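Chemist: Residues per chain, in single letters:
Protein chains: 2
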Amino acid sequence: MPKPDQEHGYILVIEQETAMRHWLVTQLSGQGHTVDACDVLSVGLECFRAGNHDVVIADYLSLKAQNSTFLKTLAEEAPDTPVITVCSGDDINNAIGALQNGAVDHLFPQHLNPEVLGLRVQKALERSLLLRQNRQYRQQLEAANTELERSLELLQEDQEAGRRVQFRLLPPSPFEIMDCVVTHRIFPSLYLSGDFVEYFKVGENKLGFYLADVSGHGAASAFVTVFLKAVTNRLQRHYEKKTQVNYVSPSRVLADINAELNAMHMGKHLAMFCGVVDLVNNRLTYSVAAHYPPPLLINDGDVLSLAGKGLPLGLFKEVNYEEHVVSLGERFTLMAASDGVLDVLPKGSASEKEKQLQEIAMHVNSVDDLVSALQLSKDAALPDDVALLVIKRA
Amino acid sequence: MPKPDQEHGYILVIEQETAMRHWLVTQLSGQGHTVDACDVLSVGLECFRAGNHDVVIADYLSLKAQNSTFLKTLAEEAPDTPVITVCSGDDINNAIGALQNGAVDHLFPQHLNPEVLGLRVQKALERSLLLRQNRQYRQQLEAANTELERSLELLQEDQEAGRRVQFRLLPPSPFEIMDCVVTHRIFPSLYLSGDFVEYFKVGENKLGFYLADVSGHGAASAFVTVFLKAVTNRLQRHYEKKTQVNYVSPSRVLADINAELNAMHMGKHLAMFCGVVDLVNNRLTYSVAAHYPPPLLINDGDVLSLAGKGLPLGLFKEVNYEEHVVSLGERFTLMAASDGVLDVLPKGSASEKEKQLQEIAMHVNSVDDLVSALQLSKDAALPDDVALLVIKRA
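Top line first, the protein sequences correspond to chains R and B.
Anchor point for the first sequence: position 133 equals 133 in full-length UniProt numbering, and the numbering is continuous, going up by one each time.
Anchor point for the second sequence: position 252 equals 252 in full-length UniProt numbering, and the numbering is continuous, going up by one each time.
Please note that the accuracy of each hint is not assured.
The list treats identical chains as interchangeable, and a pair is accepted whether it falls inside one copy or across any two copies.
[As the list claims (entries may be wrong)] The list that follows gives simulated cross-link-like pairs (lysine to aspartate or glutamate, DMTMM-like), each with its CA atoms no further than 20 Å apart:
id : residue 1 : residue 2
1  : Lys201    : Glu260
2  : Lys64     : Asp90
3  : Lys64     : Glu115
4  : Lys72     : Asp368
5  : Lys309    : Asp90
6  : Lys347    : Asp384
7  : Lys355    : Asp39
8  : Lys317    : Asp36
Simulated from the structure, these hints should not be mistaken for laboratory data.
Note that this is a predicted model, so its numbers are computed, not measured.
Start from the sequences and build out the full structure, keeping to the hints where you can.
Modeler: As structure tokens, this is what we get:
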């Protein structure tokens, strides 16, 4: 509770009896208050409106004579201003009437002792100051709140708009190629994602794809995904132009991205799982740049954890990535996730979590199954972005 | 001011005199209050600590007997709880002592009338409830404030990190090529900028440059600048590789960016002023895609507003851009600004503002002069991003 920072107030005395008015003014002035005084209520009201006093002391007989109109008006115009009534008589009903009509205190003749007067005024002053300070503090808080909300909304809208642009860069889900269906989902930990997924047709019967996880998350990392998209978009258009091209080298794609990322000097690096699915020759060619957890391939019911390692992209100038080739069954599921997925799996060691993912992978038909197995929801507060990719031939 | 939502309180009566205690309990209960009562202060204190009553009514003679220790303890432990003292005697000094020691009110024998008692308790209750509600409301506001601040900080840090990455994409300023100095500055309206500047050496004695202004501002527009950087970085490396290349076509650069931007489907378009300065043959070749205001060329003291128009990039599939060639003086200044600059110029019509810029351009040696002429500061709240580029041969 803030304590009033002053003990002297600005007081208005309205008292018809001259001697009493003088006594009140003398006492209150002597106690350090600033005092205005007048003898009739109508003048008192004008005076109050001009001065906005902290406390009003009014003679109750005058108030009673005009049916307490003054008290009602004051309560309406200045609800925080305390009124103390005084009364020369000794009728308890006067006190009742005054208090009922909004006075905070009523002084009887025996109260018209300098010390009691001072203490009563002090209480009223304290009330008035407390109310005023409370209101000011509340107004400041409310203003700060409004301002904060406004700033937050501005940033949220900005990030929301950025998110919409970023999500436009993602490929369609589901995406069909021959008898194969590709689905993906990204759950950013904030608005913008540092995880990214891309896939596209290469020639007539091949699927190129990657899943990328930029270091960190949020706007800074999201920038790198835009850069990635620009690079791969160009690669893709390059392949499309040369109609005869039916080969894309994942290790070459990684090396290209690495070179361009280094040239950009964004101060960011990323992990990537990049591959080409050959749907005619039933073969997956892939390369790995610091991607974890290992992608899973379910070939006719058997789970294979895809081996392979490599340095992250964007850290070193010259990096060569290994290229791996595995056979695909007639029916297969290829499932990859960024390391953010480890945060949403039940607690356990890294190898326990890998095992959990393998179990889930056995029953996954599309990314939707994966999302529900992981109990991921749109509004989940995630410590890191989560990217999920499922390529399925049934 | 929130009004108390209840008029009945939880009251503690501490009164040694049995008849008076019974009378108080009976009256207050009859008026709807919940009342606890006891006869000694020590028991009263325990009772208060257990019940946390809204108002305490205590007999002043007891309080006085123990030197008002109870009042002081209560003021410390529960500063918002009002205490009303009652007194069978008629000694005004009792009232003074009670009020001085923190009682909010003192009731004399003639006040021990049911109605006055009720009104006095009502006033105390109102004070207690107001204080409580004020505190609760303040606490809610403070908690909301803290929460908002936390969310805002999170987003601000995120944007700040994005901004750092974005600014790493900008070229060095100043940048020297032969006897020419290039400087630039970008003032984002939020954290991230939709304006972007790039320049680089082409061959031995040419300078390629552009100034871009993406529609909108903030994260969504900043994404497009990353894309731009990726495209032009590649173009630049492309030229660097072919050591013999000494020609870059601005209109071709615009057409390339347009094609790639369309392929990205980001839903964003941009204005651009792109050029090549040939420092040996003293020639500027440039193209304009919806750039406004017109760039200014000061050739040996004469101001030339660079003509040229073209559609924005990223809206139409096939666009051809005109290419313009102008001669450069022995000494020249080339100055370009995004349209955000119009917001920071003194009010006036578009043509008046163009004239203002021309006047400023006459005295500009580097972007610093331009910044001070425009009175731009780091913390200026700008409605739109402002990008400034100055190329100067002295």
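Chemist: Hint by hint, note whether the structure agrees.
Modeler: Here is what the structure says about each hint:
1. Lys201 with Glu260: between (23 Å within a copy, 18 Å between copies)
2. Lys64 with Asp90: Answer is within; shortest intra-copy Cα gap is 15 Å, inter-copy 27 Å.
3. Lys64 with Glu115: between (26 Å within a copy, 18 Å between copies)
4. Lys72 with Asp368: neither (66 Å within a copy, 65 Å between copies)
5. Lys309 with Asp90: Cα proximity of Lys309 and Asp90: none, with 97 Å in one copy and 93 Å across.
6. Lys347 with Asp384: The answer is within: 16 Å in one copy meets 20 Å, while 47 Å across copies does not.
7. Lys355 with Asp39: neither (90 Å within a copy, 69 Å between copies)
8. Lys317 with Asp36: neither (84 Å within a copy, 81 Å between copies)
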